[in-house]
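**Q** Given chain A, put chain B in place with the hints provided.
There are 2 protein chains.
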Amino acid sequence: MSSPLRLGIAGLGTVGIGVVKIVQKHAEMLARRSGREVAITAVSARDQMKNRDADLSSYRWETDAMAVATAEDVDVYVELIGGDNGIAKDSIEAALRAGKDVVTANKALLAVHGQDLAVLAEGLGRVIRFEAAVAGGIPVIKAVTESLAGNDVTRVMGVMNGTCNYILTRMESAGLPYEAVFEEARQLGYLEADPQLDVGGIDASHKLAILSSIAFGTQVDFDAVEIEGIERVSIDDIRRASDLGYRIKLLGVAQMTARGLEQRMSPCLVPADSPLGQLVGGTNMVVVEGDSVGQIVLRGAGAGEGPTASAVMSDIVEVARGVRMPVFGQPAASLTAAKPARTAVPAAYYLRLELQDKPGALAKIATVLGDAGISIDRMRQYGQHSDSSVPVLVVTHKTTPEAIDYAIETLPGTGVLVSDPVELRIEEV
Amino acid sequence: MSSPLRLGIAGLGTVGIGVVKIVQKHAEMLARRSGREVAITAVSARDQMKNRDADLSSYRWETDAMAVATAEDVDVYVELIGGDNGIAKDSIEAALRAGKDVVTANKALLAVHGQDLAVLAEGLGRVIRFEAAVAGGIPVIKAVTESLAGNDVTRVMGVMNGTCNYILTRMESAGLPYEAVFEEARQLGYLEADPQLDVGGIDASHKLAILSSIAFGTQVDFDAVEIEGIERVSIDDIRRASDLGYRIKLLGVAQMTARGLEQRMSPCLVPADSPLGQLVGGTNMVVVEGDSVGQIVLRGAGAGEGPTASAVMSDIVEVARGVRMPVFGQPAASLTAAKPARTAVPAAYYLRLELQDKPGALAKIATVLGDAGISIDRMRQYGQHSDSSVPVLVVTHKTTPEAIDYAIETLPGTGVLVSDPVELRIEEV
Numbered sequence: 001m002s003s004p005l006r007l008g009i010a011g012l013g014t015v016g017i018g019v020v021k022i023v024q025k026h027a028e029m030l031a032r033r034s035g036r037e038v039a040i041t042a043v044s045a046r047d048q049m050k051n052r053d054a055d056l057s058s059y060r061w062e063t064d065a066m067a068v069a070t071a072e073d074v075d076v077y078v079e080l081i082g083g084d085n086g087i088a089k090d091s092i093e094a095a096l097r098a099g100k101d102v103v104t105a106n107k108a109l110l111a112v113h114g115q116d117l118a119v120l121a122e123g124l125g126r127v128i129r130f131e132a133a134v135a136g137g138i139p140v141i142k143a144v145t146e147s148l149a150g151n152d153v154t155r156v157m158g159v160m161n162g163t164c165n166y167i168l169t170r171m172e173s174a175g176l177p178y179e180a181v182f183e184e185a186r187q188l189g190y191l192e193a194d195p196q197l198d199v200g201g202i203d204a205s206h207k208l209a210i211l212s213s214i215a216f217g218t219q220v221d222f223d224a225v226e227i228e229g230i231e232r233v234s235i236d237d238i239r240r241a242s243d244l245g246y247r248i249k250l251l252g253v254a255q256m257t258a259r260g261l262e263q264r265m266s267p268c269l270v271p272a273d274s275p276l277g278q279l280v281g282g283t284n285m286v287v288v289e290g291d292s293v294g295q296i297v298l299r300g301a302g303a304g305e306g307p308t309a310s311a312v313m314s315d316i317v318e319v320a321r322g323v324r325m326p327v328f329g330q331p332a333a334s335l336t337a338a339k340p341a342r343t344a345v346p347a348a349y350y351l352r353l354e355l356q357d358k359p360g361a362l363a364k365i366a367t368v369l370g371d372a373g374i375s376i377d378r379m380r381q382y383g384q385h386s387d388s389s390v391p392v393l394v395v396t397h398k399t400t401p402e403a404i405d406y407a408i409e410t411l412p413g414t415g416v417l418v419s420d421p422v423e424l425r426i427e428e429v
Numbered sequence: 001m002s003s004p005l006r007l008g009i010a011g012l013g014t015v016g017i018g019v020v021k022i023v024q025k026h027a028e029m030l031a032r033r034s035g036r037e038v039a040i041t042a043v044s045a046r047d048q049m050k051n052r053d054a055d056l057s058s059y060r061w062e063t064d065a066m067a068v069a070t071a072e073d074v075d076v077y078v079e080l081i082g083g084d085n086g087i088a089k090d091s092i093e094a095a096l097r098a099g100k101d102v103v104t105a106n107k108a109l110l111a112v113h114g115q116d117l118a119v120l121a122e123g124l125g126r127v128i129r130f131e132a133a134v135a136g137g138i139p140v141i142k143a144v145t146e147s148l149a150g151n152d153v154t155r156v157m158g159v160m161n162g163t164c165n166y167i168l169t170r171m172e173s174a175g176l177p178y179e180a181v182f183e184e185a186r187q188l189g190y191l192e193a194d195p196q197l198d199v200g201g202i203d204a205s206h207k208l209a210i211l212s213s214i215a216f217g218t219q220v221d222f223d224a225v226e227i228e229g230i231e232r233v234s235i236d237d238i239r240r241a242s243d244l245g246y247r248i249k250l251l252g253v254a255q256m257t258a259r260g261l262e263q264r265m266s267p268c269l270v271p272a273d274s275p276l277g278q279l280v281g282g283t284n285m286v287v288v289e290g291d292s293v294g295q296i297v298l299r300g301a302g303a304g305e306g307p308t309a310s311a312v313m314s315d316i317v318e319v320a321r322g323v324r325m326p327v328f329g330q331p332a333a334s335l336t337a338a339k340p341a342r343t344a345v346p347a348a349y350y351l352r353l354e355l356q357d358k359p360g361a362l363a364k365i366a367t368v369l370g371d372a373g374i375s376i377d378r379m380r381q382y383g384q385h386s387d388s389s390v391p392v393l394v395v396t397h398k399t400t401p402e403a404i405d406y407a408i409e410t411l412p413g414t415g416v417l418v419s420d421p422v423e424l425r426i427e428e429v
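Here the protein sequences come in this chain order: A and B.
Counting from 1, one number per residue, gives the positions in the first sequence under full-length UniProt numbering.
Counting from 1, one number per residue, gives the positions in the second sequence under full-length UniProt numbering.
Only chain A is shown next, with the shape it has when bound in the complex (with noise of 0.2 Å):
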């Protein structure tokens, strides 16, 4: 057996100490699957006092992540510190330079500096492997780069933020609006300490960046990323949605077209039967669609101690292995740098309208979306809303983003509506 693989670790939060965990609990385990012992030599973290649910005294102490990125006896190091820049970057740029591979679970990073990273890494030899940065548990990022390397992709989407699906799912079975289940959430402490790269959906955007640039070997582009988070969802929709069969997700998508490529994070609607619909709680779900192997869908844990710990640890134990690996499937120089395309791919589209109660008010709804040259699919009027409006649920057939945003600014203009028209997205899966 080769020379034990020794770790110094960044950030014992709860992933950090849930790989500390694995490490001690399946030593045995995993020198026999990796072919060598992986022992912990450094660890690091922002309150050496605090009390952490794992025995940290076997190892190395520092009291900068720095010191742990650079250590002579660190082979690997195991960034979780998480953030797009500052200590987490430095370091990771350290210990590469220091001749160490890298695992991190960094999605904020590899999004916005990850094609940087990347060439640096490859520069340097070294390999940077962040499968827990996708989806947590989710064996997402060895999927598409590896079981579907014989595969043009030709679309990734999937629910990668547990929380947001928390809040919806929550919405739809307690009957809620949007404000309640963002409060208990809070509460129940589901939320980041900026709530915004949750229900924004920053986070699963990041993640949706990553895999794009996995899946269709382009430069991770992050910006490009066309996003709209949960908090125009309203309980109405959620209610309407489900009368019509669907249910909504918080949906990100990407796909390379002729026009370029199409990233897009939002809530859709989705089919109620389906297996991105039937998702329910804090439970991830990706899909990929490969011109081969047809459509795969993976599903399981998207966060939590374990599930990010058994991510960050296949990695571990590919770099024990000795597999060795361009960052992002391929040489970091061979990724395109895709043209960014707004969402041009037709879909179906959901619409609601509140429509004053009076003589030809549908008439001139269904004249513009006419002459947006949407057709109808299906329409539903309710009974009186109120005392002057009528809700009108509109399901469309496929029409272009382009010919829903004229209808959206045109319709106002008729004079009918009672207030701003919401329009969803009706994402085929």
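Derived from the structure by calculation, the hints contain no laboratory data.
The model shown is predicted, which means the values in this text are computed figures rather than measured ones.
Even glycine gets a Cβ: it sits at the ideal position worked out from N, Cα and C.
Treat the hints with caution; some may be incorrect.
[What the hints assert, rightly or not] Label-pair distances were calculated between CB atoms; the ranges are: (1) B:Gly383 x A:Asp53: 56 to 64 Å; (2) B:Gly281 x A:Gly245: 17 to 25 Å; (3) B:Thr154 x A:Glu402: 48 to 56 Å.
**A** Below, chain B alone, put in the same frame as chain A:
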């Protein structure tokens, strides 16, 4: 870039031709992802004259798989002949001895001779990869051996024979009896030449035995799988199960218990709204549970040219990338000979009984179940079925297979049954 990886492909059926097509169509992409060119040097199949859906003119044709396996100009022997013995086995052994790595889709061979082949390969420093052997395009071998390397796997289960799932799904949707749908499937070409491989559960059990080995670090032991096919699943049971909120699936389950390794393949009830319950048609699903990762669900096409060739290609790219791993994820010498255990893990059971329509019949049944220590969760008595019989469904609380066996043996002695009792396990998913 390194020298090309040269493939020799034996067996040019659907999968073999699928591999050829990918190599031809995606040459540049494969080179980028692999770090080297992937080239086909030699091919062989039974019938050179057969019209095939690919241009093979630039490859050397060998009349004998042996010649491909041992050719000087072959680095990887791709065995797609099939069969648990004969030329498939001989040629793989010859290839290993000639210093070739091996990629195969041959589940039968690995299920029966996997341990010996692993010992041989590892002794010679060669790798054997077999992603395509289990669940077609679903990357389950990689998920278990690599992504879950930090987990103590607690259970693996799956629907891994698309033909059986097609038959069961079609019986339900069309309301047709088994025999009629079996005949349909035969005419559609869905069945193996020996249909027992499919409907008898043997093919799926080959896959389960392989999964067990990599999940639990045990020597593959196909003979220890308790196998029951789908032949005795009646349209009556499918309907009744559906009434109760379940679907019937041919489900393989492997779990390590204190008594030994349980491996069973049998028609089971699963909740209709679970991922496994939702699976229709020829799609496959594998569920893996680990102590850290929790539950991972993988879904995709389990057969067919594209998906299976995709899996073969992923193995080829891994070899091209220089990935070297023990055949079953840890050295063959360290795989333990697991004690096979008959199913003892408790479960709820579904019982269908046809009773004589006379006073006291139900009491006699209830007495037998009580004597067996079985308590009843739900019971439904239906209207009279024919002149003399009344169908009664029982869903038990969790009980042991032994208790169920006792009840099934004892129930006929009550003299109130008009036909043999039917029992099906309700697997917790």
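**Q** Work down the list of hints and note, for each, if the structure agrees.
**A** Comparing the hints with the structure gives:
1. B:Gly383 x A:Asp53: 56 to 64 Å: holds, 58 Å
2. B:Gly281 x A:Gly245: 17 to 25 Å: holds, 20 Å
3. B:Thr154 x A:Glu402: 48 to 56 Å: Holds - the Cβ-Cβ distance for threonine 154 of chain B and glutamate 402 of chain A, about 51 Å, lies within 48 to 56 Å.
Hint check: no violations occur; every hint is consistent with the structure.
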